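Top line first, the protein sequences correspond to chains Z and B. Residue numbers for the first sequence follow the working numbering, beginning at 1 and rising by one. Residue numbers for the second sequence follow the working numbering, beginning at 1 and rising by one.
Just so you know, the hints here were simulated from the structure itself, not pulled from any lab data. Bear in mind that the values here come from a model prediction, so they are computed numbers and not experimental data. Cβ coordinates follow ideal geometry from the N, Cα and C atoms, glycine included. Please note that the accuracy of each hint is not assured.
[To be verified] Quick list of in silico lysine-lysine cross-link-like pairs, DSSO-like style, CA-CA up to 30 angstroms:
1. Z:Lys71 with B:Lys50
2. B:Lys167 with Z:Lys27
3. Z:Lys40 with B:Lys39
4. Z:Lys52 with B:Lys50
5. Z:Lys40 with B:Lys50
6. B:Lys39 with B:Lys50
7. Z:Lys71 with B:Lys167
8. Z:Lys52 with B:Lys167
[What the hints assert, rightly or not] To be clear about the criterion: a stretch of chain B counts as covered by chain Z if any three or more of its residues have a C-beta under 8 angstroms from a C-beta of chain Z, and this derived list gives those stretches:
9. 77-89
10. 130-136
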Amino acid sequence: MTSWTFTITNPTGLHTRPGTEFVRLCKKFSSDIQISKNDKTANAKSLIKLLKIGIVKGDVITITASGDDEKSAIEMASQFFMNLND
Amino acid sequence: MRDARSENLLMNRASGVSEEIIMISLPHWLLNRNCTALKQHANDWQEAVKMAVQLLVDAQAVQWEYYDAIIRNATEHGPYFLPVPGFAMPHAEPGHGVFETCFSLVTLTEPVVFGHEENDPVYVILCVAAANQNELNEAALIQIMNLLEFDEELVLLRSATTIEDIKQLFQQIYQEEDD
């Protein structure tokens with residue numbers, strides 16, 4: 001299991017458009033990928049589950065991947081969120 | 001007969017729900033603010049979106065400028081607001097003539113095509129406009145996702161012919177949350 005915790009800094013958080021893109025990227029990995037905020041956790045490969053967490057600027061998020069490609073999944077996730085700037 | 005506000009309180013599971021929360025609730029807009037039009041006909045997706053925005057303009061929740069912002073958004077980024085097959089939730093970023101966070105529902109007898117890779121054709125349009133980004137991500141989108149999770153195949157939304165059907169749908173959702 002590999003995980004990464006960070007704070008959302010982009011002004012618009014994770015809404016539909018970046019959410020859709022993130023789900024698309026996560027689906028490329030065989031690892032199970034979970035995203036959590038406070039006590040809410042969601043399967044990062046489901047847009048419905050992901051948007052139900054309601055991620056906004058300032059939120060502390062943890063992404064956890066478990067599986068053969070977990071390290072590259074976390075690498076992808078960190079790149080994705082660090083490049084979110086709108 | 002219950003008035004609109006007590007009806008809302010009921011929909012929001014009675015006690016402890018502030019008026020502020022009610023005002024941004026999906027059932028409030030669809031059931032009490034007349035922002036629902038069922039079994040409509042639209043020639044194309046733009047016309048379907050226009051019908052949905054018209055409901056919000058009539059409810060004095062947004063200005064027409066919001067329609068232009070949605071079209072601009074879709075032109076620039078593509079129709080990314082189709083989260084599941086058959087369903088579109090057109091919106092633009094907060095601002096752009098939005099007075100308050102609001103929703104409208106249009107269902108179609110014949111579907112329209114947005115040009116999405118996977119989720120066309122669309123029978124259900126749920127337009128959302130948010131007063132600010134936090135209300136969009138933390139309130140509006142969550143309520144829409146709850147609705148989609150409950151009516152995954154859109155069977156209930158697509159078959160609804162009266163506002164009473166929509167009301168029953170929300171009652172079922174809240175009942176399930178309570179169980």
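Practice item. Measure nothing beyond the straight line between the CA atoms of Lys71 (chain Z) and Lys167 (chain B); if it is 30 angstroms or shorter, mark the hint as holding. Key: Roughly 46 angstroms separates the two Cα atoms, so the pair is violated.
Check your understanding: Does the alpha-carbon distance linking Lys71 (chain Z) and Lys50 (chain B) stay inside the 30 angstroms limit?
Key -> violated (46 angstroms)
Practice item. Please work out if Lys167 (chain B) and Lys27 (chain Z) have their alpha carbons no farther apart than 30 angstroms. Key: violated (36 angstroms)
Practice item. Below or equal to 30 angstroms on CA atoms is what counts here, so check Lys40 (chain Z) against Lys50 (chain B). Key: Roughly 36 angstroms separates the two Cα atoms, so the pair is violated.
Review point. Going straight from one Cα to the other, do Lys52 (chain Z) and Lys167 (chain B) come out at no more than 30 angstroms?
Key: holds (22 angstroms)
Review point. For the pair supplied as a hint, Lys40 (chain Z) and Lys39 (chain B), is the alpha-carbon distance within the 30 angstroms limit?
Key: Roughly 36 angstroms between the alpha carbons, so the hint for Lys40 (chain Z) and Lys39 (chain B) is violated.
Check your understanding: Has the segment 130-136 of chain B got at least three residues whose CB is nearer than 8 angstroms to a CB belonging to chain Z?
Key -> As far as the segment 130-136 of chain B goes, the hint holds, because 3 residues have Cβ atoms under 8 angstroms from chain Z.
**Study point:** Whether chain Z covers the segment 77-89 of chain B (at least 3 residues having a Cβ closer than 8 angstroms to its Cβ atoms)
**Key:** Check passed, 6 qualifying residues.
Review point. Does Lys39 (chain B) pair with Lys50 (chain B) here, judged by a C-alpha cut-off of 30 angstroms?
Key: Distance of about 15 angstroms is within 30 angstroms: holds.
Review point. Within 30 angstroms, alpha carbon to alpha carbon, are Lys52 (chain Z) and Lys50 (chain B)?
Key: holds (27 angstroms)
Hint compliance for this structure: hints 1, 2, 3, 5, 7 are not met, and every other hint is.
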